[in-house]
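Novice: From first to last, the protein sequence lines are chains C and Z.
The letter at position 355 of the first sequence is residue 355 when you use this note's numbering, and the numbering goes up by one with no holes.
The letter at position 74 of the second sequence is residue 1074 when you use this note's numbering, and the numbering goes up by one with no holes.
No wet-lab data here; the hints were simulated from the structure.
For every residue, glycine included, the Cβ atom is placed at its ideal position computed from N, Cα and C.
Hints should not be assumed to be uniformly reliable.
To be verified - If we take Cβ atoms under 7 angstroms as the criterion, some of the chain Z residues that face chain C in the derived model are:
(1) Gln1111
(2) Glu1114
(3) Gly1115
(4) Leu1130
(5) Gln1131
(6) Lys1134
(7) Ile1135
(8) Ala1138
(9) Ile1142
(10) Arg1143
As the list claims (entries may be wrong) - Computed list of lysine-lysine pairs in DSBU-like fashion (alpha-carbon distance at most 30 angstroms, straight line):
(11) Lys409(C) x Lys1083(Z)
(12) Lys32(C) x Lys1083(Z)
(13) Lys409(C) x Lys1134(Z)
(14) Lys382(C) x Lys1128(Z)
(15) Lys32(C) x Lys1128(Z)
(16) Lys1134(Z) x Lys382(C)
(17) Lys1109(Z) x Lys397(C)
(18) Lys1083(Z) x Lys1128(Z)
(19) Lys231(C) x Lys194(C)
(20) Lys255(C) x Lys1083(Z)
As the list claims (entries may be wrong) - Simulated restraints on C-beta separations:
(21) Ser40(C) x Pro1190(Z): 31 to 41 angstroms
(22) Gln323(C) x Asp1104(Z): 49 to 59 angstroms
(23) Gln18(C) x Gln1131(Z): 21 to 31 angstroms
(24) Asp1104(Z) x Ser354(C): 30 to 40 angstroms
(25) Gly38(C) x Asp1057(Z): 25 to 35 angstroms
(26) Ile1142(Z) x Asn407(C): 24 to 34 angstroms
(27) Gly330(C) x Asp1104(Z): 41 to 51 angstroms
(28) Asp1057(Z) x Phe37(C): 27 to 37 angstroms
(29) Asp1057(Z) x Leu16(C): 47 to 57 angstroms
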Amino acid sequence: MNKIQPTILKGTRDFLPQEMMRRNVVMEIIRKTFEQFGYSPIETPIICPAETILGKYGEEGDRLTYSFKDRGGRLIALPYDLTVPFARFVAANYQDLPMPFKRYQIQRVWRAEKPQKGRLREFYQCDIDIIGSKSLICEVEIAKIIVSVFERLRIPNITIKVNSRRLMNAILQSFDIDQNDSLTVIRIIDKIAKIGKEAVISELRKMGIDNAEKIIATLTPEGTNKSTLEKISEYDIAELKEFLSYCTDLGVPEKNIQIDPTLARGLDYYTGLTFEVISEDADFGSICAGGRYDNLCGLFSDKDFSGVGVAFGFERIMLLLEQLKIAGNGKAPSQVLVTIFDENSVKDALQTYSKLIEANIATEIYIEPDKLSKQFKFADKKQIPFVLIQGPEEREKQEITIKRLQNGKQKTIPVNQLVSYLSNYYEAQ
Amino acid sequence: MKRNNIRIAIQKEGRLRNPSLEYLESLGLQFPKENGRTLVVPCKNADAEILYVRHSDVPQYVQNGAADFAIVGDNVLYEKDFKIREVEKLNFGKCSLVIAVPLDSSIQKIQDLEGERIATSYPNSLRKFLQKQKINAAIIEIRGSVEVAPALGLADAICDLTQTGNTLKENSLKTIETLFDSMAVFIESPFENIRKDEFINRFQL
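From just these sequences and the hints, can you work out the full model?
Specialist: This is the structure in structure tokens:
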């Protein structure tokens, strides 16, 4: 019989246990941090009516959205990000939500991009949003969470680039950019990190913008936030100033914040401050990004809620942790393997197993009596640190031997002390 | 809470209590000899109170500003991981935190502690030591009479305070390592306070 090839689609992948453990540890840190700041979890469907997804991200976004007809002939789309599904969620459920509503959402999204480093076609985003308030305290809280997440993940040298979409529009207007063109101009400026200043200027010139050089010079950040703001002080910079002052109060270090007037974020829906987090140690784009959107819920409801939020790019964060060699070792979840010495040991082994599980010690039992060496090899392969052995002699004396695989050291103690020994075992790092 | 008095916390009962009182008297503070029940005793010649508390609670009072000063063994600060400013080291209450094993034990040096059971009332200090030495071991935490744990089959070694070494000897234990030497210290709360400064000047701390 012809076997089916065990293939997967381009831009998707399998995760083996070790990598999955590492991912879970990181996701847990992110989740815990979100919860510590009072964000509640939600989930939204994967298959969505296409009109709730398409048309919100600009032309490129639409092109990259996965969509297909289902069996009933309905046009279905998969989420391109978690912000638009969230806006729909709020429009559908706002009566049951405490306002302002703070939610976190960790789910997969899909983009039909050319797969590249840190960018598959199916990947996780970790989103936080506050909706129902226009206060800048929201933006500052988001900045604080960004700093906290990366601090807890021990990722050093991150910079949160911040800009104001309002300010950018005002600057472009003062350079006589037609309002109809400004979104296109913003999208071109958005590519500055990717293609460089010169290329951006020449693209703008092609649009017939002769003062492109001057525009870019005005937008380019200076060495400090203070001098950047001084340079553009003829515009309304009150928002950015207030943001910086709140940052000081909330303990967001100034060194992690860079006011960058060139920061554009290509997405159409941003209306206020925008964020993009980069790492000095990453040779790929941003690891977290977002901003304020005033009109997104208005697409789905007469009610309008202003919101602000960011998405943490989970796959890129994992990639960065691996590059920094701090991704963890993805150890097996079990701390202890209970071996079964022979047929006569099954009863005692099962009892020990049960006792340890009840004491909340992550334990597994070797599933059948077998050669001890084979059971050790199993523990070794799964990187389980402790192996318990109880032969007839030890059983007689009500003792048990704990073998630490890492260094082969064995310790025999009374069975009664087993739980105490294992739960008080201190492992020097 | 606003207070007008300076508060000095000292050990309620134990080896530091009397030398601490003597030290405060030597500074010129006058206070009644309390009967061991009163927890707060006002001074006669200064706006100050003596606060008698459990030794291991002393840093907590100072850290939170409930007391302005205190006398405490620096082993307690180390164990509780408090970073509190020491005004002065006092030349009493000397003792050492050591690791000791039964005389006939096969454990001879600290590396032999790998995988063994160590009983102690100072789990954090022990943990820091094991971490530094890269030794893994089971830390059996007990409150008191640590020295009998090996004889009762509860532990293979102990980590405990010793002054003269007599208690160890009586229990047939020998020291294999000293973690650190401790003495009483005069400490100060981290909060700014004019009265505190006045007090420091007046009693020339």
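Novice: Of the numbered hints stated previously, which ones are contradicted by the structure, given in increasing order?
Specialist: Violated hints (numbers, rising): 1, 9, 10, 11; every other hint is consistent with the structure.
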